[in-house]
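J.: What follows is the residue order along each chain.
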Amino acid sequence: MQRSSYKVVAKASLSLASMLRRRVKKLAPNMAIRSAGFRGAQPNAVRKEDLVSLLLETTDESDFTKVVPTLGSNESLDHLGENIYSASVSLDVAERLLKLPSVKRLQTKKKATLHLDAATTDISIRSTLSGPRVVQETGKGVLIGIVDSGFDLSHPMFRDSAGKLRVDGLLDQTTNQQFTTAQLQAQWNGPQNPAGPGGDDDGHGTHVATIAGGTKFKGFEGVAPGARFLLVKTNFVDTANAVRWVFNKAGTKPCVINMSLGHHWGAHDGTEVEERLHERLVGRGKVIVVSAGNERADQIHIGGRFVPGSSETVGFRVLRQPPPDAPFAVVTLWYSATDTFDVELISPSGQVMSVPSTGNVDQFSSSQVDLELGRSTHAGPTPAIKVQMQLAFHSAAVSNNFLNNWKLRIRCTSATVGRIDGWFNNSGYGEFKSHALVESARTIGLPATGKGCIAVASHVTDNAWKSDDGNEIDQNVLIGRSSPFSSMGPTRDERQKPEISAPGQYLTSGLAANSTSSEATDRALNNQRLLTIEGTSMAAPMVTGAVALLLQKKRTLTADAIRGLLASAARVDAHSGAVWNPTYGFGKLDIAKALSLV
Amino acid sequence: MAFKKVTQTSASLEPIGALLEVLPGQNEQALIAWLRDHGATEIEQLAPGFLSVNAPASMLRDAEAMARVEIKHAKIMHGR
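Respectively, the protein sequence lines represent chains A and B. With the numbering used here, the residue at position 528 of the first sequence is 540, and numbering never jumps. With the numbering used here, the residue at position 55 of the second sequence is 542, and numbering never jumps.
So that you can see chain A by itself, here it is in the shape it has in the complex (with noise of 0.2 Å):
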């Protein structure tokens, strides 16, 4: 055997290098014809055989776009988020691309293999993939709230070994009723969801409660499956109400809420009536989790510094929304009670509404679309002014034309602070256009950015899951990195919110039958009871269980207490840095070291 040796461009992956190398070498037997010039009347399309797929990584989104190389007709090179695209080029391309100084890494995409469960050894409740739990804590004597979509009380996830279920209590709002361990109990007694109290049509609930808490079930087990639940399957709007009944209900056992839900209606700030509810709740033995969201590529906040006499247009869409409801949005700015500015609203055929003076609201009305804008001032340890500007339209039935040309124009007349910072409600009703006020940080949502509350962004741990369709994978994350959609912090005050980065992407768990989850045969597996999903929402529970086997392991540990010690035991590594970042918080979850610091 010969040994022969060649450099490496430090940018590009050893797998690049090596095909680059070959070809340069010998080349393979398609790229040989396309040399010879066969390729017919198409000379710039390549064969789709001809094609690597890659991922590529920036150094500066911007210079590099300026720099793309032309691409043959099946050629692509898809923006993936955050300084990341997806590529699917020539090597030629390939090569280019490797030399363009914005080009900081380019790597191929791996074949994935199926983890059964990656996202356990990422915490370290096991050291490998199908070893035995690494920690003796299993969340004994401790009390899951899951505030969420419902409940397929059917799964064994939610059982013991004897096939009780291991919930103390569950209260539906959607119907305002109660219900004893012993009636659901005797209500769930078969494979009937949604029928049963408390069933999950969506399917959210089931796959989050049985994350954080779930029993041993065809290889997946939730992070503490000792534990106990009290769940609360929510309207969304009585979570406060939610909180406090879950509370109530655990008397003086430990107990931590997770909620895998928000909204952008508020502050930013901490100083919203429900975070300061939270803020008072926990304590001693009593925490609330929350997921950070998932808005951070949604293009729904805006902000930035303005000097007096500046201003900034931002235009900006309002989407439509599932038949037979109208488009509906609305944005909310906020700034200091020491700044002033003028804000006004521009309809697509160019009509400018001002906004009011602060205390008073202007209503404006057309045939398609009725207005509200508004200005108050919002009470709080630094007190902020708060612009509200509602758009509701009429019907379903508005042209495309008037939902996607709206401008905001914002002017700063007197300015102390400066900062002005806005958002649409929430990810799905409108969005800001490109600009350079449009942020992805600060797209960490409510209640998550209360003082009360653990905040949780997600990272990747799996890209390979199986479904009804088949072996899926998805080879457009990078294992290890933030998930392209977890919001960013800081809050609008400038704390360090999320706290902790987990495991959001993918993870698979438990699956209600008969649910809208089960209706995606790319991501159900319905015959073995598991779904497969991701978001912030997966991220939380795993939270949520290692704060059960804190609690266990002492009883008596604060809020305050628990975010310390996830904090210091964060795991750091070359993806999520050394210190506190908007993005992954402190550092990614590791439940053995914080139970080895209790």
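Treat the hints loosely; a few may be bogus.
Below are the DSS-like pairs computed for lysine-lysine, each with C-alpha atoms no more than 27 Å apart in a straight line [as the list claims (entries may be wrong)]:
| no. | chain 1 | residue 1 | chain 2 | residue 2 |
| --- | --- | --- | --- | --- |
| 1 | B | 492 | A | 261 |
| 2 | A | 419 | B | 491 |
| 3 | A | 228 | A | 261 |
| 4 | B | 492 | A | 605 |
| 5 | B | 492 | A | 398 |
| 6 | A | 463 | A | 228 |
| 7 | A | 398 | A | 445 |
Residues from chain B that face chain A, not an exhaustive set, calculated with beta carbons under 7 Å [claimed, not checked]:
| no. | residue |
| --- | --- |
| 8 | 492 |
| 9 | 506 |
| 10 | 508 |
| 11 | 534 |
| 12 | 539 |
| 13 | 541 |
| 14 | 561 |
| 15 | 562 |
| 16 | 564 |
Because the hints were derived from the structure by calculation, they are not lab data. The beta carbon of each residue, even a glycine, is placed where N, CA and C say it ideally should be.
With the hints as your guide, set chain B onto chain A.
T.: Structure of chain B alone, referenced to chain A:
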């Protein structure tokens, strides 16, 4: 398409779910009694100083003299 500025319509009598945080110096029991007397429903004390109520917008505006009042907003799930 021209927009016409319209006069503020009278506030709806439809009850709205809201969270109230009693302002410093105000008496919580007096606020609860006031809410009850004025027809608010589903009054629930969530913690000392924090109430959940259903009441018409006009009543909630009046309650702002005694408490911070916030409409309960709809949330969305963070799974996909």
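J.: If you check each hint against the structure, which ones fail?
T.: 1, 4, 6, 13
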